[in-house]
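Trainee: Single-letter residue listing:
2 protein chains.
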Amino acid sequence: MTTARIDGVAVTTQANVYFDGKCVSHGITYPDGTKKSVGVVLPATLTFNTGAPEVMECVAGGCEYRLAGTDAWLKSGPGDKFSIPGNSSFDIRVNEAYHYICHFG
Amino acid sequence: MTTARIDGVAVTTQANVYFDGKCVSHGITYPDGTKKSVGVVLPATLTFNTGAPEVMECVAGGCEYRLAGTDAWLKSGPGDKFSIPGNSSFDIRVNEAYHYICHFG
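Top line first, the protein sequences correspond to chains X and E. Residue numbers are given in our numbering: position 52 of the first sequence equals residue 52, and the series is strictly consecutive. Residue numbers are given in our numbering: position 50 of the second sequence equals residue 50, and the series is strictly consecutive.
Same shape as in the complex, but just chain X (with noise of 0.2 Å):
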């Protein structure tokens, strides 16, 4: 199952783009002040940090990873979802383009 569109969200109307628009992505608040971001990674090659530790769900295309301190390549497809742990971080590989939500902490 996945998540298609958040309802009663504010959008941050700015765009972060990363790696020369390898990665795209717009911020959304909720009511409560949870940040998330909805994205895209374009066909790359990509290795992303983070600061706080982030689940990434994947709403369309897909993409393999590989945790930072382990060899596998894991695919990540619609629905799916892995987790990144804090001031950490991981290779992103992706053939066509890999949509998702980011949810931190």
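Hint data in this document are derived by calculation from the structure and do not stem from the laboratory. All C-beta atoms, glycine included, are put in the ideal place defined by N, C-alpha and C. One thing to keep in mind: the hints can contain errors.
As the list claims (entries may be wrong) - Some chain E residues flagged as far from chain X (calculated, every beta-carbon gap over 12 Å):
{"no.": "1", "residue": "P53"}
{"no.": "2", "residue": "N87"}
{"no.": "3", "residue": "S88"}
{"no.": "4", "residue": "H99"}
As the list claims (entries may be wrong) - Okay, derived cross-link-like pairs now, DSS-like style, lysine-lysine, Cα gap no bigger than 25 Å in a straight line:
{"no.": "5", "chain 1": "X", "residue 1": "K75", "chain 2": "X", "residue 2": "K22"}
{"no.": "6", "chain 1": "X", "residue 1": "K22", "chain 2": "X", "residue 2": "K35"}
{"no.": "7", "chain 1": "X", "residue 1": "K22", "chain 2": "E", "residue 2": "K22"}
{"no.": "8", "chain 1": "X", "residue 1": "K22", "chain 2": "X", "residue 2": "K81"}
{"no.": "9", "chain 1": "E", "residue 1": "K22", "chain 2": "E", "residue 2": "K75"}
{"no.": "10", "chain 1": "X", "residue 1": "K35", "chain 2": "E", "residue 2": "K35"}
With chain X held as given, fit chain E onto it using these hints.
Mentor: Here is chain E on its own, set in the frame of chain X:
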């Protein structure tokens, strides 16, 4: 005055990706059903076609645009808006990034 955030809307989690990622947007829906999008155009010169009439509102960065049937490239920066008729087109050129809200109709 720029529109930094939009409150109380639903966000479509899957991004719209145009021109190989040179333009990425997310759709938003107001409680009354009104649909808009928030997006970014990255450095490029592109031509967009309209179905419904559109108003493009710059929230950060900037662009130059040229409406169909005109010769002049006009600048649009934070807080500026420009209107495009339905079933028409416009050229846009961006040097850094053009963050926008697209209003339809």
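Trainee: Measure nothing beyond the straight line between the CA atoms of K75 of chain X and K22 of chain X; if it is 25 Å or shorter, mark the hint as holding.
Mentor: It holds: about 19 Å lies between the C-alpha atoms, which stays within 25 Å.
Trainee: Taking only the CA atoms, is the gap from K22 of chain E to K75 of chain E under or equal to 25 Å?
Mentor: The hint holds at about 19 Å.
Trainee: Would you check the hint for K22 of chain X and K35 of chain X, treating anything up to 25 Å between C-alpha atoms as holding?
Mentor: Measuring from Cα to Cα gives roughly 22 Å; hence the hint holds.
Trainee: Test the statement that H99 of chain E is away from the interface with chain X: the closest C-beta pair must be farther apart than 12 Å.
Mentor: Given a closest Cβ separation of 5 Å, the condition is violated.
Trainee: Given the proposed pairing of K22 of chain X with K22 of chain E, does the C-alpha separation stay at or below 25 Å?
Mentor: Roughly 9 Å between the alpha carbons, so the hint for K22 of chain X and K22 of chain E holds.
Trainee: Given the hinted pair K35 of chain X and K35 of chain E, is their alpha-carbon gap at most 25 Å?
Mentor: holds, 22 Å
Trainee: Does N87 of chain E really sit off the interface, with its C-beta more than 12 Å from all C-beta atoms of chain X?
Mentor: holds, 27 Å
Trainee: Please check whether the beta-carbon of P53 of chain E is more than 12 Å away from every beta-carbon in chain X.
Mentor: Given that every Cβ of chain X is farther than 12 Å from that of P53 of chain E, nearest at about 20 Å, it holds.
Trainee: Does the claim that S88 of chain E lies off the interface hold, with its Cβ farther than 12 Å from every Cβ of chain X?
Mentor: holds, 24 Å
Trainee: Is K22 of chain X close enough to K81 of chain X, meaning Cα to Cα at most 25 Å?
Mentor: Holds: K22 of chain X and K81 of chain X sit about 20 Å apart, inside 25 Å.
Against the hints set out earlier in the document, a violation occurs for number 4 only.
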